[in-house]
Amino acid sequence: MKLIAQYNRINIIAILFVLMGGSFCYYFIIQRVLIAQLDDSLKVEEQEIINYVNKYHHLPDSSTYKGQLTSFVLVPHPVKKRFFSTDVYDPADREYKSRRVLLFPLSLGPKQYAVSVSKSQIETEDLLTLIVMITLGAVILLLLILFVVNRLIVKRLWQPFYQTLQSIQEFDLYNRKPAQTIDTSIEEFQQLNVAIVDMTAKAIRDYDTLKNFSENASHEMQTPLAIINSKLDLIIQDHGLDEKLMKQVQGMYDAVGRLTKLNQSLLLLAKIGNNQFVAAEQIRLEDLISEKLFQLEELVAAKHIRIETHLQHTPVRMNRYLADMLLSNLLSNAIRHNVDGGKITIQLDTATMTICNSGPTLPFDAALIFDRFQKSDFSEGTGLGLAIAKQICDNYHFRISYSHRDDLHFFTIWF
Amino acid sequence: MKILIIEDEKELSSSIADYLIQEGYHCESAADYYSAVEKTELYDYDCILLDITLPGGNGLSILRQLKANHKMDGVLIISAKNSLDDRVSGLQLGADDYLSKPFHLSELSARIAAVIRRRKFEGSNIIRYEDLTIDTLSKTVSIHNKNIELTRKEYQLLLYFVANKGRVISKNAIAEHLWGDHMDMSESYDFIYTHIKNLRKKLIEGGCVDYIQSVYGMGYKFSLP
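Protein chains in written order, with the numbering used here: chain P, 12 to 426; chain W, 8 to 232.
Warning: the hint list may mix true and false statements.
[Unchecked claim] No more than 27 Å apart at the CA atoms, straight line, and that leaves these computed lysine-lysine pairs for DSSO-like:
| id | chain 1 | residue 1 | chain 2 | residue 2 |
| --- | --- | --- | --- | --- |
| 1 | W | K160 | P | K255 |
| 2 | W | K172 | P | K242 |
| 3 | P | K258 | W | K172 |
| 4 | W | K46 | W | K17 |
| 5 | P | K314 | W | K208 |
| 6 | W | K204 | P | K258 |
| 7 | P | K314 | W | K204 |
| 8 | W | K204 | W | K160 |
| 9 | W | K9 | W | K74 |
Please keep in mind that the hints were generated in silico from the structure rather than gathered at the bench.
All chains, full assembly: derive it from the sequences and hints.
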């Protein structure tokens, strides 16, 4: 749930609680105050009656003067003075109306009277109702205004946060631009913005450092190899060289070739691991496989390998170079480690790709097949081909596995 | 043909110069950014070999300057970085080709020839060697004006030989030129042998002398016997 909704909900519940609780207390307090007020005026009446009786030694008229009712009742024993509320039937309006009554004892000579003085409580109740209504109205108004404020203004207040959020989502390491933020006067968002800009700038710096490192490493290692290669190219031009020397030179050529390949493969592994191949595009895997097979056709023909393909249209979003490398490694492996007259089957659909080839069993534990430098002795390769393939798959969260059944090797990738 | 070699590794630079001079090119070299800029501004070249990592500046800015000055020199970038970004930006900036180190000098020579051909001869690109005529636009080969049929690989091989005529070319270089990284050395030697055999046969049948000579244990040389 969104923060504003969450906040609103808590806010409203808390306010409701407070206001309800407060209103109840308010109601009862006001009620008591008003009734106390009524009681005080009744006490005044009481005093007036007592004074009258003391002065004139007889009861005053029972009167309905000023809405108050006075009555005198003879009683055998003195009553206890008390205040109470009661409903009295009004024949004129044909309904019960509540009154506040003060009952007190009065003695006139030997006679005991219970005097009750009462006043209408209706006005008090009306006043109370009015007060409650006003309070309720205020509560509702308050809630409404809070709701509106939350909706409109709080959303606007959070705007810088949403902008920062968006620029984080749009941040692309490959474009090498740190996240953009808008100025804001809110301290927390200022802090957030500064932190985001710093973090993205650092990520870009680290990426560049890594990239430069692998490129510089490549440069440093390839340059001496280039020099050796070029010297060999010159040496063989010399007409005076005899066969034996030529053979030595050939050996050197081969060694340099292997070193170069090894170097390139190791650097590639590092780069893939560092996520330096970010640019991705939609690739039709079925087309790429066909291309690769065409490139390798001479090898295939030389070993008299039969190739069977079941290719469905499979678009994948990948870096083109990595896709090319992945297929290259898997397919040339399938050819190289095959027997003369052997077979290769390639099955491709949107869920998986399986390359299966005939060939001699692995001379090592199958679980190690994707490790670096794991290879069979007769193979001239670097032993990094499958390690690179696995690294590429890891990059794209594809699962790759090897299995061996019926004298056939299976490499399967789950997309 | 004038070549400018912009490369800071002296050994490499001199190797390249030696090879190209024997091919008949006139070579000059620059080992750092400023002398490179000076030379490119003062003179014109048929092809410039440009190393990107130079002391004193980035080779790509030399390329930019060349384009900004509308110079017609061909540019072949040679770089050890082998970075896709550099390759792409180099070609986008207007370089004619990109070759990553280490390379065989014969490969370099073939690429330079291709760059110069593209730049110099708008229209038909005809290469003549003795009795051979190669039309690189239509990709046809004729001997005494009679066409001969070559497979794609045989055509590439012939072009490679002619670009490096008179030089000994190692089997490694040929393998890399024809198949790049796809094949191991041991696999490719048989194929090379087969292709050479077929090419030889076709040339001789077409009426040529046998230009292809084997250099034992090493490779081949393409020249008058």
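### Task
May I ask which of the numbered hints given earlier this structure violates, with the numbers listed in increasing order?
Hint 1 contradicted; others consistent.
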